[in-house]
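Construct the entire structure; sequences and hints are all you get.
These protein sequences, in sequence, are chains A and B.
Residue numbers for the first sequence follow our numbering, beginning at 15 and rising by one.
Residue numbers for the second sequence follow our numbering, beginning at 13 and rising by one.
Honestly, the hints are just simulated from the structure, not real lab data.
Predicted model only: the values in this text are computed from it and were never measured.
Be aware that a few hints might be false.
Beta-carbon label-pair distances, calculated as ranges [said to hold, decoys possible]: (1) A:E117 / B:T319: 39 to 45 Å; (2) B:E365 / A:G264: 45 to 51 Å; (3) A:R228 / B:H310: 32 to 38 Å; (4) B:D58 / A:P364: 35 to 41 Å; (5) B:P466 / A:V90: 31 to 37 Å; (6) B:E365 / A:P364: 46 to 52 Å; (7) A:S43 / B:R307: 46 to 52 Å; (8) B:D392 / A:A116: 52 to 58 Å; (9) B:P110 / A:A116: 35 to 41 Å; (10) A:V225 / B:T319: 22 to 28 Å; (11) A:V225 / B:A146: 36 to 42 Å; (12) B:E365 / A:T208: 37 to 43 Å; (13) B:D58 / A:V225: 40 to 46 Å.
Some, not all, of what chain B presents toward chain A, calculated at C-beta under 8 Å [to be verified]: (14) V202; (15) E291; (16) L441.
Over the 12 Å line for every Cβ pair with chain A, so calculated as not near, a few chain B residues [said to hold, decoys possible]: (17) V33; (18) D125; (19) A146; (20) N270; (21) G313; (22) H370; (23) P396.
All C-beta atoms in this analysis are idealised placements derived from N, C-alpha and C, irrespective of residue type, glycine included.
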Amino acid sequence: MINHPRHISWLEVEIPGAPDSAFQLAPRSVRDVTSILRYSSEKGLAVQVWGGGTHSGYGTPVKPDFVMSMEHLGEVERWEPDDLTIVVGAGARVDRVEAMLAERNQSLVMPERSNGATLGGVIAAGVSSLRRGRLYATRERVLEVTMVTGDGRLIRSGGRVVKNVTGYDIHRLVVGAFGALGVIVSVCLKLMPTPTGAATVEIDELAGAGVIARPLSVLETDGSVRVYLQGTEAEVAAQVSRLGGRSEPGLDWPADPEGTWQWSLRVPPVLVGEALARLRPGWRYLALHGVGEIRASSESHDGAEDLRSWAESLGGNLVMCKGDSGLFDPWGKPPVGLDLQRRIVAEFDPSRVLNPGRLPGGV
Amino acid sequence: MTLVADLRAVLGDEDVMEEPVELHLYSKDASPLVRGHPTCVVFPRDTAEVAEIVRIAERYQAPIVARGAGTGLAAGASPTEGGIVVVTTALRDIDLDPANRTAWVGAGVINLDLTKAATSHGLHFAPDPSSQSACTIGGNVANNSGGPHCLSEGSTTSHVLGLEVVLAGGQIVVLGGQAPDPIGLDLKGVIVGSEGTLGIVTRALVRLLPVEPDVRTLMMGFPTVEDSARAVSDVIAAGLVPAALELMDQRMCQAVENWLHAGLPTDAAAVLLAEVVGETEGVVSQAQLIAGIGRANHAMGVEIAETEEHRALLWKGRKGAFGSVAQLAPDYYLHDAVVPRTRLVETMRAVYEIADRHGLTMANVFHAGDGNLHPLIAFDADDPELSETVRQAGDEIVAACLEVGGALSGEHGIGVEKRDLMRSNFSELDLDAQARLKEAFDPMGIFNPNKILPQGSRCFDFGGARRELPEGVWI
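Encoded structure:
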C-alpha cells in the first residue's frame, strides 16, 4: 500500500487509457519531474511515463505504482525557422507541432499519422516517419535531449546545433529506450524543409520504382505499391512521367493497419517481398520498401512465432506493438550485450523505477 | 612474463613493436600539441587477436589506444597514458551487399577505398572527411566523422547500421545489422563517436547511398566574409539543404592556389562552394536559386562547374586546404566548434577579431552549411610562447562559439585537446552521466583513458543533494 502524497494532490490527473495504478500525476515543471523521481527512487515506486498512450502496447507491460503524464510539458520553447531547428517540450503532440511547422514549409519528419502521439513518446519508442528511407529515422533528428534520470538528476546531452560530436551521444541512446534511462523533458530537433512539389504515384510492379534514384518512400499496402515523390515542381513532374503510373498531386500517407494484434516486422531491406509472402492470409500490412520495416495487424497471433524465428535468423525481429503479452512474448530473443544494457540502465536509474522490466530481456 | 612478451606470444614477434623509432612514430596523431609514450605498438590481424589484446591489457592494467591512420585532430589517438597502441590497419576486409546497399567493412579500410569499391555498383559512402584518402573507417566511427557532404546526409553515425566491437573482458559482440530498429538500447549509437573509450571497433556495417543522377557545383566569390556568411544563412533559411555548402576565406584560397591551381579566385574575401544533387530538373532549379541568393549578397561572380573535371578541381582545392597551410607555417592548430546557422555572421566577426588581437596568422575553411567552423591558426609548435598564445586564442574562439549557443566540436572529436573545455559545454551532472556511461562499458578504465571527459567528471556526492530534501517535500 502506498502512502498517498497529499501535498501534490494538485498535480493529480485522470489519464484515460493508462494502466491501473494508485494515482496519476501530471508534473507542471521540470522541477516537479525531478522531485517526483527522487521521491519514487527513494520509495522504490515504479513509474510509467505517459505521453499520448500511442505506444503503450509495446514491450512487457509495466505494473506501475503511479503513472506520470507529460501533458503539461509540451511548450514550444524555441523555433528557429532560419536554422531549421526547434526546441520543444516532450509532451507536445507531434501532429500539432507539424501543423505549426507546415506554415513555414518545415517538418519534423516524424510519423505522419501520429494518432495523438507526443514527441517524447515517438522518441522513447524509437518509431519513425514513413519518409525514413530518404530522410532518415527519428534517431537522426534528435540533436539534444534534456531528461531527468530515474534518481532525479536533470541532465542534457547533445546541443542545439545540427552537427555535434561533443561528448557521448546519450541523446541517441534514449531513442528506443522506452524511458529506461530517464524521462525526456525537452528535445532539440533538426527540421527538414518541405519542397513545394509532391506527388503520389501508384505503380503496377515494384521494380518500376527503380527508375527513381532516391524517392521519398516506396510503400506497399495490401497489394498496391505507391511511390512518394517530393522536390521542386519541375523535378517531381519529370519523375512522375518517368514512373508512368497513376499519379495524384500531394502525399497521401496510409494509416498503420489496425487490428487486435499489431506488429512491427524488421528485416534486411531486400527481403521485404519475401516477408510479405510469409504473412498469413488475413494479415494486413504497410511495408516500407528499401527500409525493411513492415507494420502489420492480425486478429490472432497464429503464425507469429514462425515469422519471428525467420526474422531473427536474418538478424531482424518481430516486435509486438499491441496484443496480449500473456499469450505472446512482446520482444522475442533478447539482444546481445544484455549485461551491459543492465549496467547502463543501473547508472541512470539505480532504483529501477522507470518503466521497469519493459525493455527486452526484462531490463 | 611481461606485457610485451604476452602480446608476442599471441600476435607473433613482427606484429608487436617496441623500438624507440616505432614508439615515436605512433606517439601522436595529427594534432600538433600532444604526444604520448606508448609501451608498445601492435598490429592485430583479426578480431580474435584484438580480443586477446584486450584480455592481456586488462591483466596488466595497461591502457589501450586504438588507432587507424592517425589523422585525428584532437589527440584522441595519442597514447597520453602510455600502454598499448592498437593499430587497426590490417583489418581491411570489404564485404559488399549491393542489393541491401550495405557493406561490412574492416576498421582499417581507408574511407576512399570503400567508396571506390562501391562505385562499380553505383553506390558510395556518404561521410567524406578531407582526409578521406588516408583516414580509416574505424577512425570515422570513433570520431563520428563528418565531411562536406554530411550537410544533407548526416555524419558517420547516420551511416553505421551495425558494429563488431571488442568490449571489456575481450567480449566480442555484433550490434545492430541490416534490419532496421534493433530492439533494446542502441549501444551501437553511443559507441559511434566515443573515440575508442568504450571498446575497440573491429568491423562496421555501413549504409551505402546510390550515386545521385545529377550534380551541380557552384563557386561564388564575395567582397566580404560577412556577405558570404549571410549568403549561407539565407540559403538555409530559404529551405534549401544542398549536398554541401563550404566557405574558404582569402588567405586560404591564396594558399590553395599557390599549391593546387584549382581556379579559386584569390581577390575575393571569401569563396563559397555549393553543391546540389538529385534529378536534373531539381539540381538546375536549385542551382539557380542559390546563385540568386549569392548575387543578392553581393557575389562578385558565379561559376557553375559544367564538367566533371571542373567539379573535381574545385573539390580538390577545398580538400587540399589543410595541406596547403604548410606554406604559412610548419604547424597548424584547428578548432571545429559549431554554431547555429543564424549566428554565423557575428561569430565569424568575433573569430577574426580574436586572431587579430593576438597577432596570429589565421585562415578559415569550413562547413558553413551546418555551422561547423574550422578557424585554422598557422604557427611553429617549437616556439613555446607562440604555442601558448595559439592555445589561448583557441579557447577564446571556442568561448565565442559557446556564447551564441554553439558546441565544442562538430566532427573532430574532443580527445585531449578539448577535454578540459568540456566543463564550459556541459554541467557537472551532464559530465557525471557521461562518466557513468563510460564506467558501465569500461569498469577497469583501460580503453583510451583520460580522453573526452576531464578529470573528476564523476561526481560521487550527488546523493548529498537528495539527503538535503526533507521527507515528503516535492517542490
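Here is how each hint holds up against the structure:
1. Checked against the hint of 39 to 45 Å, the pair A:E117 and B:T319 passes, with Cβ atoms roughly 42 Å apart.
2. Checked against the given bound of 45 to 51 Å, the beta carbons of B:E365 and A:G264, roughly 49 Å apart, stay inside it.
3. Evaluation of the 32 to 38 Å hint for A:R228 and B:H310 yields a pass: the beta carbon distance comes to about 34 Å.
4. At roughly 38 Å, the beta carbons of B:D58 and A:P364 sit within the given window of 35 to 41 Å.
5. A hinted range of 31 to 37 Å holds for the C-beta pair B:P466 and A:V90, which are about 34 Å apart.
6. For the pair B:E365 and A:P364, the supplied restraint of 46 to 52 Å holds, since their beta-carbon distance comes to about 47 Å.
7. Checked against the hint of 46 to 52 Å, the pair A:S43 and B:R307 passes, with Cβ atoms roughly 49 Å apart.
8. Here the CB-CB span from B:D392 to A:A116 is close to 55 Å, well matched to the stated 52 to 58 Å.
9. For B:P110 paired with A:A116, a C-beta distance near 37 Å keeps the hint of 35 to 41 Å intact.
10. Judged by the Cβ atoms, the range 22 to 28 Å given for A:V225 and B:T319 holds: they are separated by roughly 26 Å.
11. Under the hint 36 to 42 Å, the C-beta atoms of A:V225 and B:A146, about 37 Å apart, fit the expected range.
12. Checked against the hint of 37 to 43 Å, the pair B:E365 and A:T208 passes, with Cβ atoms roughly 38 Å apart.
13. Remark: the range hint 40 to 46 Å for B:D58 to A:V225 is upheld by a beta-carbon distance near 42 Å.
14. At its closest, the beta carbon of B:V202 sits 5 Å from a beta carbon of chain A; the interface hint therefore holds under the 8 Å criterion.
15. Restraint check, B:E291 versus chain A: the minimum CB separation of about 5 Å is within 8 Å; hint holds.
16. Contact between B:L441 and chain A, as hinted, is supported at the beta carbon level, the nearest pair being about 5 Å apart and thus within 8 Å.
17. At the 12 Å boundary, the C-beta of B:V33 stays outside the reach of chain A, the nearest C-beta of that chain being 33 Å off.
18. The Cβ of B:D125 sits about 23 Å from the closest Cβ of chain A, beyond the 12 Å cut-off, so the non-interface label holds.
19. No beta-carbon of chain A is positioned within 12 Å of the beta-carbon of B:A146; the least distance is around 19 Å.
20. At the 12 Å boundary, the C-beta of B:N270 stays outside the reach of chain A, the nearest C-beta of that chain being 30 Å off.
21. Look at B:G313: its CB is around 25 Å from the nearest CB on chain A, clear of 12 Å, so calling it non-interface holds up.
22. In this structure B:H370 is separated from chain A by more than 12 Å, as the shortest Cβ-Cβ distance comes to about 24 Å.
23. For B:P396, the shortest C-beta to C-beta distance to chain A comes to about 28 Å, beyond the 12 Å cut-off, and the non-interface label holds.
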